[in-house]
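A.B. asks: The residues making up each chain are set out below.
Protein chains: 2
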Amino acid sequence: MQTEMQDLQTLTAAANAAAGPAAAATDAVRASWLVAVADALDANAAELVALADSETRLGIPRLTGEVARTTAQLRLFARVITEGSYLEAVIDHANADATPPSPDLRRILRPVGPVAVFSASNFPFAFSVAGGDTASALAVGCPVIVKAHSGHLELSKRTAEIVSQALSVAGAPEGLFALVVGREAGTALVQDPLIKAVGFTGSIPGGRALFDLAVSRPEPIPFYGELGSLNPVVITAGALAARSSDLATGLAGSFTMGAGQFCTKPGLVFVPAGTTFGAELATASADKGTAPMLTDRIAAAYPKGLEGLAGQPNVKVLSGTTAQDAEADGASAVVFSTTAANVIERPEQLLEECFGPTTLLIEYGSQPELAEALALVPGSLTATVHAEDGEDVAALVEQLSGLAGRVLFGGWPTGVAVNWAQQHGGPYPATTSLFTSVGATAVRRFQRPVAFQDAPESLLPDALREDNPLGIPRRVDGVLQLG
Amino acid sequence: MQTEMQDLQTLTAAANAAAGPAAAATDAVRASWLVAVADALDANAAELVALADSETRLGIPRLTGEVARTTAQLRLFARVITEGSYLEAVIDHANADATPPSPDLRRILRPVGPVAVFSASNFPFAFSVAGGDTASALAVGCPVIVKAHSGHLELSKRTAEIVSQALSVAGAPEGLFALVVGREAGTALVQDPLIKAVGFTGSIPGGRALFDLAVSRPEPIPFYGELGSLNPVVITAGALAARSSDLATGLAGSFTMGAGQFCTKPGLVFVPAGTTFGAELATASADKGTAPMLTDRIAAAYPKGLEGLAGQPNVKVLSGTTAQDAEADGASAVVFSTTAANVIERPEQLLEECFGPTTLLIEYGSQPELAEALALVPGSLTATVHAEDGEDVAALVEQLSGLAGRVLFGGWPTGVAVNWAQQHGGPYPATTSLFTSVGATAVRRFQRPVAFQDAPESLLPDALREDNPLGIPRRVDGVLQLG
Chain U
1 MQTEMQDLQT
11 LTAAANAAAG
21 PAAAATDAVR
31 ASWLVAVADA
41 LDANAAELVA
51 LADSETRLGI
61 PRLTGEVART
71 TAQLRLFARV
81 ITEGSYLEAV
91 IDHANADATP
101 PSPDLRRILR
111 PVGPVAVFSA
121 SNFPFAFSVA
131 GGDTASALAV
141 GCPVIVKAHS
151 GHLELSKRTA
161 EIVSQALSVA
171 GAPEGLFALV
181 VGREAGTALV
191 QDPLIKAVGF
201 TGSIPGGRAL
211 FDLAVSRPEP
221 IPFYGELGSL
231 NPVVITAGAL
241 AARSSDLATG
251 LAGSFTMGAG
261 QFCTKPGLVF
271 VPAGTTFGAE
281 LATASADKGT
291 APMLTDRIAA
301 AYPKGLEGLA
311 GQPNVKVLSG
321 TTAQDAEADG
331 ASAVVFSTTA
341 ANVIERPEQL
351 LEECFGPTTL
361 LIEYGSQPEL
371 AEALALVPGS
381 LTATVHAEDG
391 EDVAALVEQL
401 SGLAGRVLFG
411 GWPTGVAVNW
421 AQQHGGPYPA
431 TTSLFTSVGA
441 TAVRRFQRPV
451 AFQDAPESLL
461 PDALREDNPL
471 GIPRRVDGVL
481 QLG
Chain B
1 MQTEMQDLQT
11 LTAAANAAAG
21 PAAAATDAVR
31 ASWLVAVADA
41 LDANAAELVA
51 LADSETRLGI
61 PRLTGEVART
71 TAQLRLFARV
81 ITEGSYLEAV
91 IDHANADATP
101 PSPDLRRILR
111 PVGPVAVFSA
121 SNFPFAFSVA
131 GGDTASALAV
141 GCPVIVKAHS
151 GHLELSKRTA
161 EIVSQALSVA
171 GAPEGLFALV
181 VGREAGTALV
191 QDPLIKAVGF
201 TGSIPGGRAL
211 FDLAVSRPEP
221 IPFYGELGSL
231 NPVVITAGAL
241 AARSSDLATG
251 LAGSFTMGAG
261 QFCTKPGLVF
271 VPAGTTFGAE
281 LATASADKGT
291 APMLTDRIAA
301 AYPKGLEGLA
311 GQPNVKVLSG
321 TTAQDAEADG
331 ASAVVFSTTA
341 ANVIERPEQL
351 LEECFGPTTL
361 LIEYGSQPEL
371 AEALALVPGS
381 LTATVHAEDG
391 EDVAALVEQL
401 SGLAGRVLFG
411 GWPTGVAVNW
421 AQQHGGPYPA
431 TTSLFTSVGA
441 TAVRRFQRPV
451 AFQDAPESLL
461 PDALREDNPL
471 GIPRRVDGVL
481 QLG
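Just so you know, the protein sequences line up as chains U and B, in that order. Position one of the first sequence corresponds to residue 1 (the numbering used here), numbered consecutively onward. Position one of the second sequence corresponds to residue 1 (the numbering used here), numbered consecutively onward.
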């Protein structure tokens with residue numbers, strides 16, 4: 001099934017018509033829309049989870065948790081906009097004594113307009129129809145048109161029905177939300193002049209192709225893509241000496257979680273050379289059994305990725321086999337190992353993401369060799385350090401901060417908390433922007449600043465009126481004031 | 001003179017080497033670098049102004065004011081980083097009771113790395129070597145390599161010498177700042193893998209070409225371009241009835257200021273049909289005399305732009321002549337007029353920026369016709385309303401907020417205050433980003449977020465330590481706290 005192009009133009013026109021009313025709605029009203037969507041999804045969770053499981057094989061427990069995470073995310077954004085800092089309200093009063101005299105100037109962020117959202121395969125709720133991109137765009141008053149992921153099409157349609165109805169009952173403007181289907185519709189959406197920004201979660205080739213379309217429009221638009229990530233982990237000699245068995249168990253659990261189909265899967269693990277950690281990890285990974293993958297296409301790509309890595313010089317298979325079921329229902333864990341010297345010699349061949357339950361151990365002989373190999377790792381969503389008190393890892397942490405958006409200490413990168421401090425994004429190709437796609441600050445992607453100069457009080461947005469009727473945090477004459 | 005490509009690689013490598021020390025420097029130290037540069041420029045102002053006048057013909061008074069504005073800008077950014085909000089520090093403490101349990105997560109913004117800055121022709125200080133882009137990038141700890149504008153090359157070199165020496169004396173790392181010359185060097189700079197963002201002020205064709213390079217790199221980088229702007233003005237019947245003579249005088253002063261070479265020049269002026277405002281503006285503009293333009297190339301383009309507009313159907317010349325001196329020293333004011341209906345019929349031909357002392361009056365017959373014509377105006381830096389109390393302009397203001405970054409009431413857009421609330425940017429082609437290039441928030445262009453998860457206190461940046469040693473504003477567990 002494909003969305004007809006004529007239908008698409010009707011949808012973007014409707015979204016454009018909804019942009020004004022959505023922007024004009026108060027934060028409290030928009031918050032009520034988000035909560036209505038969250039309530040409706042919770043009320044229909046059992047049906048949605050069953051549908052999701054039939055299409056993605058991710059299992060009832062994981063999917064049930066993901067619905068809860070998704071509705072919690074909607075409610076977080078409701079709180080974020082109610083709190084009001086997201087408007088970045090700034091007031092500079094006129095100053096006749098300045099040289100030159102300065103006018104009264106008041107700045108606020110406003111919605112960019114209709115947003116296209118491309119769903120991910122691996123999170124059928126949290127990064128899909130009613131996921132983080134949709135929630136953050138609606139929160140700030142941007143209409144949303146979602147491109148459904150073909151991996152969970154029926155779920156997408158049913159979720160969209162529930163979202164649309166909840167928004168309608170809550171009184172949101174018609175056209176605020178829609179779903180389209182098919183690759184052609186997605187491409188047309190990115191090129192539609194009424195679309196003003198794009199949120200995307202998916203592969204590097206697919207994301208880059210859409211990014212290229214977005215930036216080559218007559219009017220280029222921001223493309224917020226989360227594309228791919230190797231999520232390097234560095235284990236120090238001290239950490240290995242103190243708890244190698246726990247590390248092997250934890251790592252095996254993390255890289256095989258969800259059949260290794262998380263964007264935060266630890267795909268590269270740097271360990272000191274000459275230890276038994278490879279054997280320990282092989283043992284810990286061996287009993288993971290098989291797990292179904294999301295789609296036949298993804299399952300077919302997995303053995304190809306494994307064979308590509310296995311075919312490189314000086315790469316060993318420590319555990320598992322590259323001969324995998326090329327259909328969706330049976331991926332098993334594979335642990336590779338190589339040396340940092342080999343990574344330095346052929347970074348492009350070895351530092352490529354492989355979607356599935358596999359990871360590459362990289363043995364390093366010295367700190368300089370570790371630093372040299374790490375410098376070749378592409379931008380990542382996360383980077384993890386396992387070290388012990390007393391080890392000097394400051395330089396390592398600085399290097400990891402330069403290549404990733406989130407730096408973890410002593411944990412595993414799978415699992416992304418949805419809160420105010422989260423950063424889910426990193427240097428390219430992790431993301432194509434300087435923003436997060438998860439957490440409170442994700443809303444800034446869909447806002448742009450407007451300043452009002454010498455405006456009469458009656459024409460100012462409430463957030464900028466002199467007496468602060470909304471009671472929100474603002475910066476006044478350079479001084480930050482609480483609400 | 002061209003910068004050799006080998007030199008360029010040496011410079012970007014040096015900038016890259018300076019990135020770590022610049023990022024590690026405290027805000028107080030970086031603020032002292034900015035103040036040192038400001039002091040040095042002030043101390044050498046007389047020499048610089050004379051040099052600038054010899055190259056740009058902008059005149060001693062204007063250039064003297066521009067140096068003051070430039071050094072005030074450097075000092076503003078010193079205050080901005082000292083205040084600390086620009087780090088957007090956020091702390092979410094661990095919560096074992098959450099489902100799933102959430103880790104300790106602390107987010108901050110860090111510098112993106114070396115930045116390329118392209119100078120503008122029309123502000124040889126404020127948007128040039130030590131201008132807003134350079135100041136905002138240095139402020140947050142990004143090394144800067146400036147591409148000199150050929151229109152004031154000697155000034156650029158002398159300014160760069162002064163900046164380099166001031167930074168060196170202040171103890172800034174070597175490689176933090178450099179200047180390159182020549183178009184080829186500029187192109188190579190945008191494509192250099194060590195450059196992580198670009199600031200640009202200039203023309204639409206030149207800016208778009210560099211934007212296209214920046215986004216088509218293997219690793220695309222943000223390109224913050226300020227390209228072009230028509231800066232529409234809307235005058236209502238009420239305003240015209242109350243003060244048409246003042247409006248004509250004010251407008252004539254604004255569109256001819258600096259020979260009409262401001263990015264905020266009012267280039268389109270919507271007035272009610274059937275009034276005498278055109279005649280009043282023609283009179284007010286007639287005595288403006290001639291003014292020198294920045295370069296011969298700009299002077300040669302001016303009559304071409306005028307003739308292009310004059311050649312369109314239903315466009316009248318109300319004042320001045322399209323036969324202009326095609327060399328730099330004699331541009332004179334030209335006022336055109338047409339109808340909103342004509343704009344609606346041929347928007348592409350009529351809605352094109354013409355750099356120089358000219359403006360286009362557009363007579364509208366009704367509010368709907370005004371709205372229809374305004375909807376065709378490309379994204380602008382500014383939009384201005386002249387109305388009287390009691391007139392209902394709410395819908396008009398909403399429309400103008402949608403097309404511009406700054407909406408003015410009762411004034412003229414030339415003149416851009418440098419403060420916390422300023423927004424100098426707007427929808428494409430005004431800018432290529434959702435940020436301002438003037439004012440305190442310009443720094444956000446050169447920062448990206450990093451979150452630290454479960455980090456030991458000793459490895460956290462000072463801004464994220466539990467006891468807030470810097471005393472900066474932070475959000476803790478969702479609640480904004482003053483420093």
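Be aware that one or more of the hints could be misleading.
What the hints assert, rightly or not - In silico contact screen, one side only, chain U against chain B (beta carbon under 7 Å); selected entries: (1) Ser102; (2) Pro313; (3) Ala417; (4) Leu480.
Since the hints were derived computationally from the structure, they do not count as laboratory data. Even glycine gets a Cβ: it sits at the ideal position worked out from N, Cα and C.
A.B. asks: Sort out which numbered hints this structure fails and list those numbers smallest first.
C.D. replies: 2
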